[in-house]
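Q: Residue-level listing of the chains:
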Amino acid sequence: AQTVTQSQPEMSVQEAETVTLSCTYDTSESNYYLFWYKQPPSRQMILVIRQEAYKQQNATENRFSVNFQKAAKSFSLKISDSQLGDTAMYFCAFRTSGSRLTFGEGTQLTVNP
Amino acid sequence: KAGVTQTPRYLIKTRGQQVTLSCSPISGHRSVSWYQQTPGQGLQFLFEYFSETQRNKGNFPGRFSGRQFSNSRSEMNVSTLELGDSALYLCASSLGGTGSSYEQYFGPGTRLTVT
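Protein sequences appear in the order of chains A and B. Be aware that the first sequence starts at 1192, since it is given in the working numbering, and climbs by one per residue. Be aware that the second sequence starts at 908, since it is given in the working numbering, and climbs by one per residue.
Bound conformation, chain A alone (with noise of 0.2 Å):
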């Protein structure tokens, strides 16, 4: 079975500072996929960014990017330039060939003026 797990359950980061949130996740396969979403007060789940795990080239969106570490099962988001409108719960998710998403608890960013 797939796991994820986030160890931050809270962040917090100054207006236009960087922030780094971590995810690690287990599984024995060997081709799947990974994402961030962010869930606002709104609770719409949003779309951060991924990462297919046969790409060694870390994604990048805009302001958003990520460090995949293959071996050690690591997947983290860094967010630059952090705006008040970055405030939300992150979550890292899994997927394998099918459309099932494993999520992790979350992390809740607060992005301070």
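Because the hints were derived from the structure by calculation, they are not lab data. The structure displayed is predicted, hence computed values, not measured ones. All residues carry an ideal CB built from backbone N, CA and C; glycine is no exception. Don't take each hint at face value.
No farther apart than 30 Å at their CA atoms in a straight line, the calculated lysine-lysine pairs in the DSBU-like style are these [to be verified]:
1. A/K1264 with B/K920
2. A/K1261 with A/K1246
3. A/K1264 with A/K1246
4. A/K1269 with A/K1246
5. B/K964 with A/K1261
6. B/K964 with A/K1246
Sample of chain B residues with no beta-carbon within 12 Å of chain A, all distances over it, derived [unchecked claim]:
7. L918
8. I919
9. V926
10. T927
11. S929
12. S938
13. R980
14. E982
15. T987
16. L988
17. S1001
18. G1014
19. P1015
Chain B: place on chain A using the hints.
A: Just chain B, lined up with the frame of chain A:
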């Protein structure tokens, strides 16, 4: 393109009743997945439907069931409601081919409260 819609957005039911939640996927999406989100258990996968067939199922009791219609709209039903069924129920749609990296897009959720 319209996003994933879920109805109703809020629902209050009494223990022992049953409830039906609806999810309309993004146009052209054939896969619909359902998730339960609670403070204690987090986000848990309920089931996935693709082309009107249940393709994957999570570890939930038989009181939780679902179906998908030919237009890809999906419903989930919970019978004999228990207090622990109080949760945010999220639906997600995707193009859904197997072995694909298709992204899942989530709806706003239905907040179910069981009293």
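Q: Is the nearest CB of chain A more than 12 Å from the CB of B/I919?
A: holds (17 Å)
Q: Would the non-interface assignment of B/G1014 survive a Cβ cutoff of 12 Å against chain A?
A: It is violated; B/G1014 is separated from chain A by about 8 Å at its closest Cβ, not greater than 12 Å.
Q: Could you grab the alpha-carbon distance between B/K964 and A/K1246 and see if it respects the 30 Å cut-off?
A: holds (29 Å)
Q: Is the nearest CB of chain A more than 12 Å from the CB of B/P1015?
A: violated (5 Å)
Q: Taking the shortest Cβ-to-Cβ distance between B/L988 and chain A, state whether it exceeds 12 Å.
A: holds (21 Å)
Q: Are all C-beta atoms of chain A more than 12 Å from that of B/S1001?
A: violated (6 Å)
Q: With d taken as the least Cβ-Cβ distance between B/R980 and chain A, does d exceed 12 Å?
A: holds (17 Å)
Q: Does the alpha-carbon distance linking B/K964 and A/K1261 stay inside the 30 Å limit?
A: holds (28 Å)
Q: With a cut-off of 30 Å on the C-alpha distance, tell me whether A/K1261 and A/K1246 pass.
A: Distance of about 10 Å is within 30 Å: holds.
Q: Is the claim that B/E982 lies outside the interface with chain A correct, judged by CB distances over 12 Å?
A: Non-interface label on B/E982 holds, nearest chain A Cβ at 18 Å vs cutoff 12 Å.
Q: When you look at the beta carbon of B/T987, is every beta carbon of chain A farther off than 12 Å?
A: Check passes; 25 Å lies beyond 12 Å.
Q: Is it the case that B/L918 keeps its Cβ farther than 12 Å from each residue Cβ in chain A?
A: At about 14 Å from chain A, B/L918 clears the 12 Å cut-off, so the statement holds.
The structure is inconsistent with the numbered hints 1, 12, 17, 18, 19, although it conforms to all the rest.
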